[in-house]
Amino acid sequence: MGPLPVKRIKTLSVARPILYGNTAKKMGDVKPPNAPVEHSHMWTIFVKGPNGEDLSDIIKSVTFKLHETYPTPTRVVEAPPFELTETGWGEFEINVKIHFSDVAGEKPISFYHHLRLHKYHNSSAANGVKSEGDLESTQVEATYYDEVVFNEPNEDFFKILMSKPGYILRSNKTDDIVFSKQLESEEIDRIKIGLQKVDDEIDILKTKLSGFVKT
Amino acid sequence: MSSSDIFDVLNIQRTGSPGSSGATPAPSRTPKAQVSGMQRELYNLLGDNTPPVAIQKSTKFKDKLRAMAKPSPWTFAEFQPSPHVKLQHWVKGSKELVGQQPQTNTFGKYNTELTIPTFTKEEYDSFMGSTHEQIGSEKWEYSEIEGLFNLCRKYDLRWFVIQDRYEGKGGRTLEDIKEIFYYVCHQYFLMKSPDNPLVPSLNFSKEKEVERKKYLQRLLSRSAAEIAEEEALIVESKKFEMAAKRTSSERDSLLRLLDSPNADKPIGQFLTSQGMTQLYNSLLSDKSKKRKHDQVVPENPWMKQQQQFAQQKQQMQQLHDQKVSSSSNSNNNSNSNSNSQNAVKKTKKQKQEMQIAVKRKADSEYAEQLLKSFTADERKSMGVQLHGEKLPSGAYLRSTRISTFKAATQGKIATTLQELGLPARPAMPTYEVIRYHEALLSRINNLLDLKKQVDKLEAERDIKN
Chain V
1 MGPLPVKRIK TLSVARPILY GNTAKKMGDV KPPNAPVEHS HMWTIFVKGP NGEDLSDIIK
61 SVTFKLHETY PTPTRVVEAP PFELTETGWG EFEINVKIHF SDVAGEKPIS FYHHLRLHKY
121 HNSSAANGVK SEGDLESTQV EATYYDEVVF NEPNEDFFKI LMSKPGYILR SNKTDDIVFS
181 KQLESEEIDR IKIGLQKVDD EIDILKTKLS GFVKT
Chain R
1001 MSSSDIFDVL NIQRTGSPGS SGATPAPSRT PKAQVSGMQR ELYNLLGDNT PPVAIQKSTK
1061 FKDKLRAMAK PSPWTFAEFQ PSPHVKLQHW VKGSKELVGQ QPQTNTFGKY NTELTIPTFT
1121 KEEYDSFMGS THEQIGSEKW EYSEIEGLFN LCRKYDLRWF VIQDRYEGKG GRTLEDIKEI
1181 FYYVCHQYFL MKSPDNPLVP SLNFSKEKEV ERKKYLQRLL SRSAAEIAEE EALIVESKKF
1241 EMAAKRTSSE RDSLLRLLDS PNADKPIGQF LTSQGMTQLY NSLLSDKSKK RKHDQVVPEN
1301 PWMKQQQQFA QQKQQMQQLH DQKVSSSSNS NNNSNSNSNS QNAVKKTKKQ KQEMQIAVKR
1361 KADSEYAEQL LKSFTADERK SMGVQLHGEK LPSGAYLRST RISTFKAATQ GKIATTLQEL
1421 GLPARPAMPT YEVIRYHEAL LSRINNLLDL KKQVDKLEAE RDIKN
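Listed in order, the protein sequences are those of chains V and R.
According to this note's numbering, the first sequence is numbered sequentially starting from 1.
According to this note's numbering, the second sequence is numbered sequentially starting from 1001.
Hints are computed from structural coordinates only; laboratory data are not their basis.
For each residue, glycine too, the CB sits at the ideal point set by N, CA and C.
Some hints could be false.
Claimed, not checked - Over the 10 Å line for every Cβ pair with chain R, so calculated as not near, a few chain V residues:
#1 Pro17
#2 Asp29
#3 Glu53
#4 His67
#5 Pro71
#6 Glu93
#7 Asn95
#8 His114
#9 Asp146
#10 Met162
#11 Leu195
As the list claims (entries may be wrong) - Stretch-level coverage of chain V by chain R, calculated; a stretch enters the list once three of its residues show a Cβ under 8 Å from a Cβ in chain R:
#12 7-15
#13 30-44
#14 74-86
#15 198-206
Could you build the full structure based on these sequences and the hints that come with them?
Right, here's the structure in full:
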């Protein structure tokens, strides 16, 4: 790395929502010519904005580290859209490494995504982590919402972050865009209910406890 | 390389070389010892020029006594340990110095005699008079007392010898004899000189003495098994101590959980050791009020004694400190000096903190300045936030900053979340969601703590019932 504009804006942080995940579709008889015969699915792993933005203002490149059995398993995507399409037959963990633009001067962040090719009916809806497009029975989608937090960004990068409107969440969730303000408030409500339950239980235990101590 | 090579190089004709010297035998050859390494090389270089005398380590004998001084004279002199006996012993010094007259014994001064009172029968009767009945149940005749006092005088109050030689009534124990002796002495001095400082010390309690001896007897006649048992008991009592300590600390945490009024008070007054004991006592009394069965835990007498010792030591230390501080003003001065230094340090630290605070304020003001044109809503949608805290700078995914707990707790929290129907990782880790999630996690942690305590108390109660 070259000389960086080191002046960071203290006590300030900027968060950008991102989506990452994969879509997968079972291939029929029509297969890409170079695909091995045992490959049954075609999948695409992606990193994008909450409304499908390409995120090129903050991301320089994304590195996907695939299973070692793939030829050249480390794939670098240096231009938007930051996604990678492959064929395969099995699920595995993909290491995703996001390199931020040079202006940002931030270290890359890295996380894992479990490639999903099949539907799990029991777990998906219950824990709310995954959202699946149920439009087509053959299409599988596993998308995660997260936020990249730039704590104390340098001034140049801050200008960039502020010049473009942040990726604003939709207020209502729709079929193709699930992550929205509505989902957020729903989740907050759920957690609030959980908090209430826990508090109730704590109160019960407290009375029990004081009963023990007094006797 | 051998010596002959060197001699060749230097063109030296040797007389002792094997070729030319048939006539002179080489006597030095024969005693040559087998040598190796560096030493061999050295001998090779030396050739036949070995030193004529073999230097060998000889066993060293003790140096001859070389006394230069004249022996000091000793005299076999006569001396007189007592008026009746004359003995001789060796004394340092010449005959002239020592002199002819028999010396007195230097140890004579140690030959002292106790002043044991003597009295006649009339005196005895007069000072014993009415109190005859008080000494035990039996009567002591003057003759017996006289014999006893004579024995005491003769054997310098060596009680065992006295008892052995005792010729009075049979069946007198050592304690009986001692008691009557001291009692008679007491009475005697009371009559003769009531102001004598010895009087109060002539106070012999037979019961105590007997008890003491019995106790020692018991102590010394313990069997090995009993000793082992005692030690085991001590270990056991220590365990009790530990358990008591643990429970008390648990109780404390419990009380804290229950928001006992104690927890809210400032702790400043309890920082000194005195305050600590006060707090401890108050807690103890508090608890004994609340929970009667706390008193089941027995106190360890050894620990108690140790505490007493520690307290005494502390008191002495304090006294000493006071003395030191009051006696030397210079010390005081240095103390105040260090105090002022401390103050300086403190202010320095405060200054630093102030500087940091000012800087942070400036930072946040600057950041505020940058965001001046945005409304709160806009800021929120842009994801900009002024947290005003000192957090490590850099980029991260928000979901990776959810608090974690100890491995055991983490698992329990995860199950609790599952029971509540909530995911371990929120589906939308936005700032707000994470804030609530964090609150939830800490509440669950509290809940688990409470549950643990309640379970423990329940188990305790079950054991008791």
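Structure-based check of all given hints:
A beta-carbon of chain R comes within 10 Å of the beta-carbon of proline 17/V; the shortest separation is about 7 Å. For aspartate 29/V, the requirement that its beta carbon stay farther than 10 Å from each beta carbon of chain R is met, with the minimum near 37 Å. No Cβ of chain R approaches the Cβ of glutamate 53/V within 10 Å, the least distance being about 13 Å, so the stated non-interface status holds. No beta-carbon of chain R is positioned within 10 Å of the beta-carbon of histidine 67/V; the least distance is around 23 Å.
No beta-carbon of chain R is positioned within 10 Å of the beta-carbon of proline 71/V; the least distance is around 29 Å. Interface exclusion of glutamate 93/V from chain R stands, the closest Cβ pair being 16 Å apart, more than 10 Å. Every beta carbon of chain R lies more than 10 Å from that of asparagine 95/V, the smallest distance being close to 14 Å; the non-interface claim holds. Distance to chain R confirms histidine 114/V as a non-interface residue, since its nearest Cβ pair spans about 13 Å, more than 10 Å.
The Cβ of aspartate 146/V does not lie farther than 10 Å from every Cβ of chain R; its closest approach is about 5 Å, which violates its non-interface assignment. With a closest Cβ-Cβ approach of about 7 Å to chain R, methionine 162/V is found to fall inside the 10 Å limit, against its non-interface label. The beta carbon of leucine 195/V is not kept farther than 10 Å from every beta carbon of chain R, the shortest such distance being approximately 5 Å. Judged by the Cβ-Cβ criterion of 8 Å, the region 7-15 of chain V is covered by chain R as claimed, because 8 of its residues qualify and three suffice.
For a cut-off of 8 Å, the count of residues in the region 30-44 of chain V with a CB near a CB of chain R stands at 0, and the three-residue condition is violated. Beta-carbon proximity to chain R at under 8 Å applies to 0 residues in the region 74-86 of chain V; the threshold of 3 is not reached and the given coverage is violated. Taking a C-beta to C-beta cut-off of 8 Å, the region 198-206 of chain V contributes 6 residues in contact with chain R, enough for the three needed, and the coverage statement holds.
Comparing the model with each earlier hint shows violations of hints 1, 9, 10, 11, 13, 14; every other hint is respected.
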